[in-house]
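Using the sequences and the accompanying hints, generate a full structural model.
2 protein chains.
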Amino acid sequence: MIRIAILGSGNLAVNLIRSIRACPETTLTALLSRNEPKTQEIPAGIAHQRLSGPMPEADIFILAVSDQAIGALASQYDFGEALVVHASGAQPISVLSGLPRHGIFYPLQTFTKSHPKGLDGVPILLESNNKDDFEILKSLALHLGGHPCAADSYQRLQAHLAAVLANNFTNHLWYLAAQQLEAAGLAGSLLQPLMEETLAKAKALGSFEAQTGPARRGDTPSLVAHRKLLDTGLLEKIYDNMSQSIANTYGTKL
Amino acid sequence: MIRIAILGSGNLAVNLIRSIRACPETTLTALLSRNEPKTQEIPAGIAHQRLSGPMPEADIFILAVSDQAIGALASQYDFGEALVVHASGAQPISVLSGLPRHGIFYPLQTFTKSHPKGLDGVPILLESNNKDDFEILKSLALHLGGHPCAADSYQRLQAHLAAVLANNFTNHLWYLAAQQLEAAGLAGSLLQPLMEETLAKAKALGSFEAQTGPARRGDTPSLVAHRKLLDTGLLEKIYDNMSQSIANTYGTKL
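Residue numbers (our numbering), protein chains in the order written: chain A, 1 to 254; chain B, 1 to 254.
No wet-lab data here; the hints were simulated from the structure. Don't take each hint at face value.
Each pair may be met inside one copy or between any two copies, as identical chains are not told apart.
[Stated by the list, open to error] Below are the DSS-like pairs computed for lysine-lysine, each with C-alpha atoms no more than 25 Å apart in a straight line: (1) K138 to K253; (2) K228 to K203; (3) K237 to K253; (4) K113 to K253; (5) K253 to K228; (6) K113 to K228; (7) K237 to K203; (8) K113 to K237; (9) K237 to K131; (10) K237 to K138.
This is the structure in structure tokens:
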């Protein structure tokens with residue numbers, strides 16, 4: 001049984017708690033955070049401790065806090081001989097170098113408190129300052145249903161950037177697209193079958209092969225017509241740069 | 001039984017043919033195109049005719065050709081008293097105004113020859129120069145499993161622009177994200193669970209609520225770290241503009 005304590009009460013922390021509790025090989029010994037979390041955010045039956053005083057017993061402490069808080073937490077508290085990991089894509093392993101046993105447990109996934117999401121099949125990018133702890137983290141990832149992947153801090157930052165493109169930006173484009181429809185008096189929800197097919201096609205064909213649209217086929221009259229609908233502003237710049245990036249990828253002239 | 005002739009042999013034409021043939025209420029009377037299509041692109045049993053000589057018998061002609069070819073086709077051939085529609089998002093209905101009965105049948109979906117895709121649940125944006133033909137197009141959309149929506153040429157162009165954002169650009173971002181991973185020696189396929197969850201969350205919460213990431217939470221150190229990985233070029237501009245657009249949407253300071 002791996003005893004885990006989680007520090008943090010954000011999107012990732014709440015979803016990790018759910019996974020750890022659902023797993024027979026792991027147990028959650030404590031949830032620690034600076035502020036008392038809003039009760040509906042923490043699954044029922046989880047005892048919360050304020051971050052003050054001595055640390056509880058645990059084999060692994062997961063610092064699921066904001067990037068800026070990791071370094072301070074690591075230096076401020078005594079974790080004894082326990083393994084301490086952070087779960088950030090952007091912070092190097094070196095922020096934990098003051099601790100004897102440290103590492104990274106970074107799920108390449110998007111988490112939101114109100115939308116429970118387990119780790120089944122999720123790549124978990126792992127790093128550690130020693131081989132034994134790397135194996136422990138690998139076991140933990142496997143127990144929780146994840147797909148363990150060795151990645152150093154540079155690779156992890158690249159993966160984090162890739163996740164921003166693949167999730168944050170695509171989700172925001174869906175929002176902007178729905179706004180565009182609604183501005184024309186059409187329902188934003190009309191896009192849903194297209195969004196589903198976009199993913200299905202990218203999975204079936206790969207995103208390179210799946211690409212369609214005016215920028216790929218060099219249909220400049222459509223680009224001109226679209227630009228007339230756009231206010232001069234960020235969306236126009238995004239439109240131009242994305243179109244040019246597609247054209248460059250396929251050797252199309254715009 | 002609605003008799004349909006399709007002009008064109010591209011991604012949309014090939015997928016429309018499949019839908020029309022699978023539907024008991026419609027029959028495909030002819031497939032016409034300028035060039036002999038590559039045989040594997042046309043479903044077995046479909047007779048192809050070169051675009052020359054008189055038009056075959058049909059109740060509806062669907063011009064599923066490139067935007068630039070629509071006007072010339074409409075003026076060059078004699079469609080008699082048949083209803084003639086085009087299937088373009090970006091071309092106004094006026095390009096068909098020389099024909100007595102004309103309209104639009106625009107599925108808001110992405111089509112690729114090698115990836116069969118029916119019209120089930122797909123919004124079909126319809127327009128016509130008379131009410132009776134609008135009703136005929138509505139029946140056709142329903143027979144083929146689609147979701148008929150009235151949309152004038154301005155609304156359709158907005159929907160086409162929205163589809164470019166929601167499909168073309170998101171798919172290209174997935175490509176760029178995979179490239180970023182592969183440049184770091186990681187598999188691009190690691191992004192697949194994230195892509196799936198991105199869609200699942202946008203469907204469950206709506207894309208406004210589903211947004212996460214450094215730009216939304218104002219995590220400028222992550223933005224700075226990402227920018228160091230980007231070459232100065234299109235992707236850097238896309239990164240900056242998308243991040244700023246997200247920040248503006250949520251009132252975050254970057």
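Alpha-carbon proximity between K113 and K253, which holds within one copy, between copies, both or neither at 25 Å
between (45 Å within a copy, 23 Å between copies)
Taking 25 Å as the upper bound on the Cα-Cα distance, should K237 and K253 be classified as within, between, both, or neither?
Both. Shortest intra-copy (18 Å) and inter-copy (20 Å) distances satisfy the 25 Å Cα cut-off.
Checking an output row: K138 and K253, CA cutoff 25 Å. Within, between, both or neither?
neither (47 Å within a copy, 37 Å between copies)
Within a copy, between copies, both or neither: which one fits K228 and K203 at a CA-CA cutoff of 25 Å?
Neither: 33 Å inside a copy, 30 Å across copies.
With identical chains, the pair K237 and K203 could be close in the same copy or across copies; at 25 Å between alpha carbons, which is it: within, between, both, or neither?
Classified as neither: same-chain Cα gap 28 Å, cross-chain 27 Å, threshold 25 Å.
At 25 Å max between alpha carbons, let me know whether K237 reaches K138 within a copy, between copies, both or neither.
neither (43 Å within a copy, 37 Å between copies)
Is it within, between, both, or neither for K113 and K237, if the alpha carbons may be no more than 25 Å apart?
Neither. Shortest intra-copy (33 Å) and inter-copy (31 Å) distances fail the 25 Å Cα cut-off.
Could you figure out if K113 and K228 sit no more than 25 Å apart (CA to CA) within one copy, between two copies, both or neither?
Close neither inside one copy (40 Å) nor across copies (30 Å); limit 25 Å.
If the cutoff is 25 Å on CA atoms, where do K253 and K228 land: within, between, both or neither? Let me know, please.
Cα proximity of K253 and K228: one copy only (20 Å, versus 29 Å across).
Between K237 and K131, at a C-alpha cutoff of 25 Å, which is it: within one copy, between copies, both, or neither?
Answer is neither; intra-copy 47 Å and inter-copy 40 Å both fail.
When held up to the earlier numbered hints, the structure conflicts with 1, 2, 6, 7, 8, 9, 10 and fits the remainder.
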